[in-house]
Every structure is written in structure tokens, then in C-alpha cells.
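Undergrad: Each chain, written out:
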Amino acid sequence: MNKLNSLRKVREVEITPDQLIAFESKVKETYEAGEIKGVIHLAGNNENILIQLFSYIDKEDWVFSAWRNHYHAILHGIPEDILFQSIKDGKSMGTNSINPLFYSSSIVGGIIPIALGVAKALKLKNSTKKVWCFIGDMTMETGVFWEAYKYAKNFDLNLQFVIEDNNISVHTPTELAWGKKMEIPSDVIYYNYEMKYPHHGTGKWVNF
Amino acid sequence: MGKFLKKLNMKYKEEIIRAMDWLGSKPDTIFTGQAIGVSGHAISGTVTNINKEKRLELPVFEEVQLGMAIGMALEGFVPITCYPRFDFFILSLNQLVNHLDKIREMSNNLMKPKVIIRVSIGSLLPFSAGPQHTQNHSEAIKLMLTDVDVIVLNEASDVFPAFQKAYERNDGKSTLVIEYNDYYTLK
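Chains as they are written, first to last, in my numbering: chain Y, 1 to 208; chain D, 1 to 187.
Because the hints were derived from the structure by calculation, they are not lab data. Note that this is a predicted model, so its numbers are computed, not measured. Note that CB positions come from ideal geometry on N, CA and C, so glycine has one too. A hint or two may mislead.
Simulated DEER-style distance windows between Cβ atoms [said to hold, decoys possible]:
#: 1; chain 1: D; residue 1: 161; chain 2: Y; residue 2: 169; range: 22 to 32 angstroms
#: 2; chain 1: Y; residue 1: 82; chain 2: D; residue 2: 28; range: 41 to 51 angstroms
#: 3; chain 1: Y; residue 1: 154; chain 2: D; residue 2: 39; range: 18 to 28 angstroms
#: 4; chain 1: D; residue 1: 105; chain 2: Y; residue 2: 33; range: 49 to 59 angstroms
#: 5; chain 1: Y; residue 1: 170; chain 2: D; residue 2: 126; range: 45 to 55 angstroms
#: 6; chain 1: Y; residue 1: 82; chain 2: D; residue 2: 168; range: 31 to 41 angstroms
#: 7; chain 1: Y; residue 1: 107; chain 2: D; residue 2: 142; range: 14 to 24 angstroms
#: 8; chain 1: D; residue 1: 76; chain 2: Y; residue 2: 80; range: 44 to 54 angstroms
#: 9; chain 1: Y; residue 1: 184; chain 2: D; residue 2: 169; range: 42 to 52 angstroms
#: 10; chain 1: Y; residue 1: 198; chain 2: D; residue 2: 161; range: 48 to 58 angstroms
Only pairs whose alpha carbons sit at most 27 angstroms apart, straight line, appear in this in silico DSS-like list of lysine-lysine [stated by the list, open to error]:
#: 11; chain 1: Y; residue 1: 123; chain 2: D; residue 2: 112
#: 12; chain 1: Y; residue 1: 123; chain 2: D; residue 2: 26
#: 13; chain 1: Y; residue 1: 150; chain 2: D; residue 2: 142
#: 14; chain 1: Y; residue 1: 125; chain 2: D; residue 2: 13
#: 15; chain 1: Y; residue 1: 125; chain 2: D; residue 2: 112
#: 16; chain 1: Y; residue 1: 91; chain 2: D; residue 2: 142
#: 17; chain 1: Y; residue 1: 204; chain 2: Y; residue 2: 26
#: 18; chain 1: Y; residue 1: 26; chain 2: Y; residue 2: 91
#: 19; chain 1: Y; residue 1: 130; chain 2: D; residue 2: 142
#: 20; chain 1: Y; residue 1: 125; chain 2: D; residue 2: 52
#: 21; chain 1: Y; residue 1: 91; chain 2: D; residue 2: 54
#: 22; chain 1: D; residue 1: 102; chain 2: Y; residue 2: 37
#: 23; chain 1: D; residue 1: 54; chain 2: Y; residue 2: 153
#: 24; chain 1: D; residue 1: 52; chain 2: Y; residue 2: 150
#: 25; chain 1: D; residue 1: 112; chain 2: Y; residue 2: 88
#: 26; chain 1: D; residue 1: 102; chain 2: Y; residue 2: 91
#: 27; chain 1: D; residue 1: 112; chain 2: Y; residue 2: 37
#: 28; chain 1: D; residue 1: 112; chain 2: Y; residue 2: 130
#: 29; chain 1: Y; residue 1: 129; chain 2: D; residue 2: 102
#: 30; chain 1: Y; residue 1: 125; chain 2: D; residue 2: 173
#: 31; chain 1: Y; residue 1: 153; chain 2: D; residue 2: 52
#: 32; chain 1: Y; residue 1: 123; chain 2: D; residue 2: 13
#: 33; chain 1: D; residue 1: 54; chain 2: Y; residue 2: 129
#: 34; chain 1: D; residue 1: 13; chain 2: D; residue 2: 26
#: 35; chain 1: Y; residue 1: 129; chain 2: D; residue 2: 112
#: 36; chain 1: D; residue 1: 165; chain 2: Y; residue 2: 129
#: 37; chain 1: Y; residue 1: 125; chain 2: D; residue 2: 165
#: 38; chain 1: D; residue 1: 102; chain 2: Y; residue 2: 88
Chain Y with its partners taken away, still in its complex shape (with noise of 0.2 angstroms):
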């Protein structure tokens, strides 16, 4: 997180983690009632940093998420009960909207060109907007991920990268499939955690 302290708080947030958990909490109970028809990622024991993490991020800047992407949703601002029926309407892996500017994938590094995109966009508009793109740190090792990072590097482009490390891509640890993790670079936030919940669901089986 060292690269936080060349960069400038722009809020408070005022969610707490309390309020992050409860939620997450809600979803696995109607989750295991049968009541969401789709796939569920939860989040969990990253609420802290992730909370410290938003005051960085204006209101008006775009928010790039994967599947796991409810705390992030929510810190940016999408109120909770849209984002609740959204993901009892199976959406869960899915969440978009245009205000705030929030967009999340459920394809590995998906998101990550389209971020870039953006943040190109940005820059040819001369707008001080930036562009936030949350991955995991299995999708940091993807050749995706390294091509998007030089071009806005060299571009200069105002887009910043978050790898959220739980070493774990589904149930394959990343350290075991690559051999070694690749070096994080400086301009790059990172933060690891032990996940809370399995990949998806809740560890129990639902039957619909």
C-alpha cells in the first residue's frame, strides 16, 4: 500500500466495515433460503483496507470490478437495496451501473482493456477522471494484464491498478500453478488477505 501515500484522500467513507459484513451477511442468508437464482462471490476480512482505499477515489471517477465486487459496489456508492435486488435477480457477478461509473465482469481480466479504454478516453477529453481496476492476483499474472499495464504506463494514463491478493484463483493457489508470483510493481496498489468465504456461494448446497 505504499504507493496510497503519493496519492490524495479525496472523501471520507462513511460505511463501516460492520455495515460492509451485514450486507455480505443478508446476501448468504437468502443465498442458502434459494432465494437468489444465480451465482454468489462474497467478500470478507478486506473491509478495513478497502474502506481506507475509497477515500481515494472521487465520486465521479470509474470503478472496474470482477465477480467479487459487492464491497466495491457499495463503497462507490451504489446504494445497497438496488445492488441487493440486482443480485437476487442473479446478477451478482455482473454489477453495472452508469452513476456512479461502475463496471464488473465475471471473465478473468475482462475488464482490464475496457478500463483502459476508458482511462485513453479520458485522457484524449483532458478530463481529471480516473480510472480504478480492481483484479485479483491470479489475473495480475495474465499477459492481459501486463500489455494494459505498460501501455498506461507509457501513455501516462490515469489509470490505477489494485491487486487484491487472496492467492487463490477458485480453489488453484497461485503461487502452486505459476511456480512464483510475478514482482508487484510500485506504481501498483496491493493488499492480501485470507479469504473469508469459498470462490462462490457460501459452502453450503442450495438446491433452487
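Add chain D to chain Y, keeping to what the hints say.
TA: Structure of chain D alone, referenced to chain Y:
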């Protein structure tokens, strides 16, 4: 429009150049791809009239190229992103099938990036460019897509209306325009 009027008996490539000139006159368009800012292949020769500032030369990273176009479109641009051969374009299928084609459904029709994709089928004449430079997957691509509109340019008369529709459409769809490199000289 007068500047871009159709002249009598315009050929396939002339029509493509006319369409590109017309698109290039729009304030929100931007042309992207390899050999778009510089020379290099057949498509390059169809965009040379366009202001250089509107032509963004990109590295060879086909998937990123299409994802970038989606992102730029989300910020209000109408990108015309160009792939000189179908063989190369299939490297971008993740962004085409999983993102551009699904983004309206995923966002409850809130996100409607308008992207125009130009793909050329490699030439067989005067000699074949070989199995990795001449593939035509037009029919397969149509079967894979549910939202992106696919238009194949078979005749010179197809060209301008296809690009005009792609730019002017307000149904929230993007357009994949497929052209035949051989027709640049044959038709």
C-alpha cells in the same frame, strides 16, 4: 454530406475510402489499430485522408485493442477499430463475445457503447496469403453473437450504407463490418 457524395461507378475500395472520409469528418470518431497511424496493409490505405490526430496507432494486442474500443465508446467516442485479417481478429473474441455483445444485457441497457469494427478477409489473389492469413469466419461469428450486428460487404454498393448505419444507429448496438481484401481490386 455533399463532400462525400457518391460518384458514378465507384468501386469497392473507393466506396470504403468515401465511407472512411465521411466517418473521419465526425467529431466523435476515432480510428484505432495496427498500421492505422502509419502504412502497413490494405486497410491503412483507406484511412490516409483522415486527420492524423484521429488515427491512433496501437501495439499488436488484439484483445486489448477491442477492449480499449469498448472503453473509449463508454466515454462517448465512436471508435472504428480495424483488423487487417480475420485470422488476427479472432484473438479479440473475448472482448467481442463476452463483453461488447453482452454489455447491454449485463447493464440493463444502461451501457450502450457504439463500436464499429472493421475486419478484412485476407486476399487469395494474385496468390494466397496462406492458411493463417486468409480465413473467413463470418458465418461462425454470426452464430456466436446475440447483439452485435454483423454486416458482410459483398458489393461496392453495400459499403457506404453499412458504415452509415453503423455510425447513425441509435439502437444501442455495435457493428462488425467484414470486407474482402480481394474485392479492393476485383470489384
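Undergrad: Just to be careful, I want the Cα atoms of residue 112 of chain D and residue 130 of chain Y compared with a cutoff of 27 angstroms; is the pair within it?
TA: This hinted pair holds, its Cα atoms lying about 21 angstroms apart.
Undergrad: The hint says 49 to 59 angstroms between residue 105 of chain D and residue 33 of chain Y; measuring C-beta to C-beta, is that right?
TA: violated, 26 angstroms
Undergrad: Given a hint of 14 to 24 angstroms, does the C-beta separation of residue 107 of chain Y and residue 142 of chain D actually sit inside it?
TA: Because 21 angstroms falls inside the window, the suggested range holds.
Undergrad: Does the structure keep residue 102 of chain D and residue 91 of chain Y at a Cα separation of 27 angstroms or less?
TA: holds, 13 angstroms
Undergrad: If you check the beta carbons of residue 82 of chain Y and residue 28 of chain D, does the distance land in 41 to 51 angstroms?
TA: violated, 30 angstroms
Undergrad: Do the alpha carbons of residue 91 of chain Y and residue 142 of chain D lie within 27 angstroms of each other, as the hint requires?
TA: holds, 26 angstroms
Undergrad: If I claimed the Cβ atoms of residue 184 of chain Y and residue 169 of chain D lie 42 to 52 angstroms apart, would that claim hold in this structure?
TA: At roughly 43 angstroms between Cβ atoms, residue 169 of chain D and residue 184 of chain Y fall inside 42 to 52 angstroms, so the hint holds.
Undergrad: Looking only at beta-carbon atoms, does the pair residue 161 of chain D, residue 169 of chain Y fall within the given range of 22 to 32 angstroms?
TA: violated, 46 angstroms
Undergrad: Quick one, are residue 153 of chain Y and residue 52 of chain D close enough, alpha carbons at most 27 angstroms?
TA: Status holds; Cα separation ~23 angstroms.
Undergrad: Measure nothing beyond the straight line between the CA atoms of residue 54 of chain D and residue 153 of chain Y; if it is 27 angstroms or shorter, mark the hint as holding.
TA: holds, 21 angstroms
Undergrad: Could you tell me whether the CB distance from residue 76 of chain D to residue 80 of chain Y stays inside 44 to 54 angstroms?
TA: Check failed, 30 angstroms falls outside 44 to 54 angstroms.
Undergrad: Given a hinted range of 31 to 41 angstroms, is it respected by the beta-carbon distance of residue 82 of chain Y and residue 168 of chain D?
TA: About 33 angstroms separates the Cβ atoms of residue 82 of chain Y and residue 168 of chain D, which means 31 to 41 angstroms holds.
Comparing the model with each earlier hint shows violations of hints 1, 2, 4, 8, 13, 14, 19, 21, 32, 36; every other hint is respected.
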